[in-house]
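Protein sequences, first through last, are from chains C and F.
Start counting the first sequence at 14; every next residue gets the next number (our numbering).
Start counting the second sequence at 3; every next residue gets the next number (our numbering).
Everything labelled a hint here was simulated from the structure, so no lab data went into it.
Some hints could be false.
Unchecked claim - Some but not every residue of chain F turned toward chain C, in silico, with C-beta under 10 Å:
(1) Lys11
(2) Gly87
(3) Lys113
(4) Pro141
Just so it is clear, CB atoms sit at the ideal spot from N, CA and C, and this is done for glycine as well.
Each chain, written out:
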Amino acid sequence: MSEESRDEVRLPDLGDVGDVVVVEWMKAVGDPVAAGDDLVEVETEKTTFLVAAPSHGRLGSIRVVAGGRATTGEILGEIERG
Amino acid sequence: MGRLSGASKPITHIQLGRAPYAPVLDLQRDLHALRQCGACGDVLITVEHDPVFTVGRRGSADNILVSPERLEQAGITVHRIERGGDITYHGPGQLVCYPILDLREYEKDLKGYIGRLEATIMRTLSRFGIAGDRMAGRPGIWIDGKKIASIGVHVRQWITMHGIALNVDVNHDHFAMIRPCGMDVETVSMSQFGHAGLPLEPVRDAWLLEAAAEFGWCLSLEPEAAWSGVADV
Numbered sequence: 014m015s016e017e018s019r020d021e022v023r024l025p026d027l028g029d030v031g032d033v034v035v036v037e038w039m040k041a042v043g044d045p046v047a048a049g050d051d052l053v054e055v056e057t058e059k060t061t062f063l064v065a066a067p068s069h070g071r072l073g074s075i076r077v078v079a080g081g082r083a084t085t086g087e088i089l090g091e092i093e094r095g
Numbered sequence: 003m004g005r006l007s008g009a010s011k012p013i014t015h016i017q018l019g020r021a022p023y024a025p026v027l028d029l030q031r032d033l034h035a036l037r038q039c040g041a042c043g044d045v046l047i048t049v050e051h052d053p054v055f056t057v058g059r060r061g062s063a064d065n066i067l068v069s070p071e072r073l074e075q076a077g078i079t080v081h082r083i084e085r086g087g088d089i090t091y092h093g094p095g096q097l098v099c100y101p102i103l104d105l106r107e108y109e110k111d112l113k114g115y116i117g118r119l120e121a122t123i124m125r126t127l128s129r130f131g132i133a134g135d136r137m138a139g140r141p142g143i144w145i146d147g148k149k150i151a152s153i154g155v156h157v158r159q160w161i162t163m164h165g166i167a168l169n170v171d172v173n174h175d176h177f178a179m180i181r182p183c184g185m186d187v188e189t190v191s192m193s194q195f196g197h198a199g200l201p202l203e204p205v206r207d208a209w210l211l212e213a214a215a216e217f218g219w220c221l222s223l224e225p226e227a228a229w230s231g232v233a234d235v
């Protein structure tokens, strides 16, 4: 799979929140995803936030599993376009 | 962004009074979905719930310290919900406010939003001569290490739901049945600070004034009946 056919799922800028905890991936690796689908839920400051899929395809990889921590811009996973 | 001098953001206020938890949760979810697709504007629900424990996404029912039979005797139901945080209690004598806002029209800053909610609570308490404060790393409002207000929020497509709960004059025996927020914390009510028997209404009205000032809201009150068809409230 070339880099050109993958889209990174990055933690969006949620403001001055420091790091977040990944609560749950709403899709498993290999599952089809559509742009805008709820993909991964994170939590910070007593707030849960659903990160949407940036593109159509399949969830290709998960870089930060549930329970892991991430900061703004960090790659949470990848979508294989198609 | 601080307190705004002019009210510029229209918001519909649904004032429910006393209501059970489940239908109000359905109403929140329906309005949250409608707000996401632009079918309605910002909405604020204020309510006083029947006794209930709610468990957030990373919360654990292990933080309920009594048996299911004891819960049933006390008339307390348990709901797993989508907000952040662990377990908390809602019940009579507690002001609960659920702002359903598009944060893209305010600030796309989750910590900033929580901070603004906290500010509205502290200023409300101040109107009653009570000094509440923040505690680093523990969202909510505290008095001498005891919790007087809880916060828990869910955001999808930058639309908020859930919100705040301020203890006006609650039954702390119910709080004692759980480990609030998954911690060994004590809770207090405004009534314990020189306001014995304090009713909910003046506190709600004070919070509405402070929240309107903080967020720049222009509130329009909707009669409860107008929303009764949405979730059978």
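Right, here's what the structure says about each hint:
With a cut of 10 Å, the hint placing Lys11(F) at the interface with chain C is violated, because the nearest CB-to-CB distance is about 19 Å. Because the closest C-beta pair between Gly87(F) and chain C is about 4 Å apart, less than 10 Å, the hint holds. Annotation: Lys113(F) was flagged as interfacial toward chain C, and the flag holds, the nearest CB pair being 5 Å apart, inside 10 Å. For Pro141(F), the suggested interface contact is upheld, since its CB lies about 4 Å from the closest CB of chain C, less than 10 Å.
Hint 1 from the list above is the single one not met by this structure.
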